[in-house]
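Asker: Going down the list, the protein sequences come from chains A and B. FYI, this note's numbering numbers position 180 of the first sequence as 180, with every residue one higher than the one before it. FYI, this note's numbering numbers position 186 of the second sequence as 186, with every residue one higher than the one before it.
Hints are computed from structural coordinates only; laboratory data are not their basis. By construction, the Cβ of each residue, glycine as well, lies at the ideal position given by its N, Cα and C atoms. Treat the hints loosely; a few may be bogus.
Claimed, not checked - Residues on chain A that point at chain B, a partial pick, calculated with CB under 8 Å:
| # | residue |
| --- | --- |
| 1 | V106 |
| 2 | L108 |
| 3 | P110 |
| 4 | Q144 |
| 5 | D147 |
| 6 | H176 |
| 7 | T181 |
| 8 | N182 |
| 9 | V192 |
| 10 | T199 |
| 11 | G206 |
| 12 | L213 |
| 13 | V214 |
2 protein chains.
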Amino acid sequence: MSDRTIAVIGGTGKLGAAIARRLAKAGRKVIIGSRSAESAARTAAELGFGLTGLANADAAMAGSIVIVTVPFAAQQLTLAEIAPHVAGKVVVDTTVPLVPPKVMRVQLPPEGSAAQRAQKLLGPGVRVVSAFHNVAAHKLATDQHIDCDVLVFGDDKGARAEVVELVAQTGLRGIHGGALTNSAAAEAMTSVLIFINKTYQVDGAGVVITGQLVTPDE
Amino acid sequence: MSDRTIAVIGGTGKLGAAIARRLAKAGRKVIIGSRSAESAARTAAELGFGLTGLANADAAMAGSIVIVTVPFAAQQLTLAEIAPHVAGKVVVDTTVPLVPPKVMRVQLPPEGSAAQRAQKLLGPGVRVVSAFHNVAAHKLATDQHIDCDVLVFGDDKGARAEVVELVAQTGLRGIHGGALTNSAAAEAMTSVLIFINKTYQVDGAGVVITGQLVTPDE
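The following block holds chain A by itself, in its conformation from the complex (with noise of 0.2 Å):
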């Protein structure tokens, strides 16, 4: 498993660039994709690492794992761009439904969640699991150990493994959070985050899950 690719679209952008570089870190193969391939190609040399940049079409159908890191605006667009070539694979969709100039408050979309957005977007044939809500992007983008979980959200649960496993390897802990349904709680969450962060001037707010949790058995 651990040897399949993973695309990364708007990997050009911060969290997209911290992703892809943390797994890039850990051995696996990714490619960053972005609408120019140039600037994908520009930051995956920067990044380093072995990482290679597509446009994010080319990347899509490079990668067997597609993680898509966009801003809300620009959500439904790029999955109309890679729809065509993300059949039957695994699509981790990191979209936090921020509407600004009020990304403070909670704004869910009338699917429910971003995630339920993409899996409408994409059709039933992929499998969409939902992950990286909460975490900072500009401590992802250092070796800096976070102290935030990863609530990993998805209907195929074994997808959501797979994607739970993938957190791991950016040095978080990943955790089943449920059906794609719930993903709204990460979500609405990082408004929360954003809110905390500027009330009591935290530098990237996270969240924890406590108490002991003993990992399930495949």
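Dock chain B against the given chain A, drawing on the hints supplied.
Answerer: Leaving out everything else, chain B in the frame of chain A:
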């Protein structure tokens, strides 16, 4: 401020009794409300610490701060019952929109959150704040330290600050989580925690906000 009487509506339930007990133990004057004045009085006597019991409407009338701790299915009727007695008061809604049997599935109400639903039901003259969504009631019922923060939401900043202080008196850390609409995050998280409890065999998973929080000047 701290000598204001607190009414805990639905205070014979697990969460309500636990909150009432902790606040009374901390020296607050607390009245337990229940549909039946008799069972309210009985629970109050059992819990000790000077607690007294009344019928919900009478408790709401006597309280300056009114904490509502009833199941989602009982929220509407209970709020209708206390509505005539809470004009201008701080009402702390703890409702989590769990819809049995699928309690591990996020199912936010059409209003966006149970807290917004409470505000709608009580009208704009009531200062609705929401809190205590993620704490395991069976832990709160003891004197043990609980590894879980309490996110506090509300559109009235003063009322929210009062509840943050109230949470501290229960031995937990209350954190400003922003506008009432942000309550969706904590409410949805409860279904995720129930899922985690089952999946990872946890006895009451909690949520902790990480980062150096600097308490804002009031």
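Asker: Now tell me if each hint is right for this structure.
Answerer: So, going through the hints one by one against the coordinates:
1. Hint status for V106/A: holds, given a least beta-carbon distance of 5 Å to chain B, under 8 Å.
2. Taking 8 Å as the C-beta cut-off, the interface hint given for L108/A holds, the closest approach to chain B being about 7 Å.
3. A least Cβ separation of about 11 Å between P110/A and chain B goes past the 8 Å threshold, and the interface hint is therefore violated.
4. Taking 8 Å as the C-beta cut-off, the interface hint given for Q144/A is violated, the closest approach to chain B being about 13 Å.
5. Interface restraint check for D147/A: the shortest CB-CB distance to chain B comes to about 4 Å, inside 8 Å, so the restraint holds.
6. For H176/A, the suggested interface contact is upheld, since its CB lies about 5 Å from the closest CB of chain B, less than 8 Å.
7. Interface hint status for T181/A: upheld, as the beta-carbon distance to the closest one in chain B is roughly 5 Å, under 8 Å.
8. The beta carbon of N182/A is positioned within 8 Å of a beta carbon in chain B (closest approach about 5 Å), and the interface hint is therefore held.
9. Contact between V192/A and chain B, as hinted, is supported at the beta carbon level, the nearest pair being about 5 Å apart and thus within 8 Å.
10. At its closest, the beta carbon of T199/A sits 5 Å from a beta carbon of chain B; the interface hint therefore holds under the 8 Å criterion.
11. Proximity of G206/A to chain B holds as hinted, the smallest CB-CB distance being about 4 Å (cut-off 8 Å).
12. Below 8 Å, beta-carbon pairs count as interface contacts, and L213/A has one with chain B at about 4 Å; its hint therefore holds.
13. Nearest Cβ of chain B to the Cβ of V214/A: about 4 Å, under the 8 Å cut. The hint holds.
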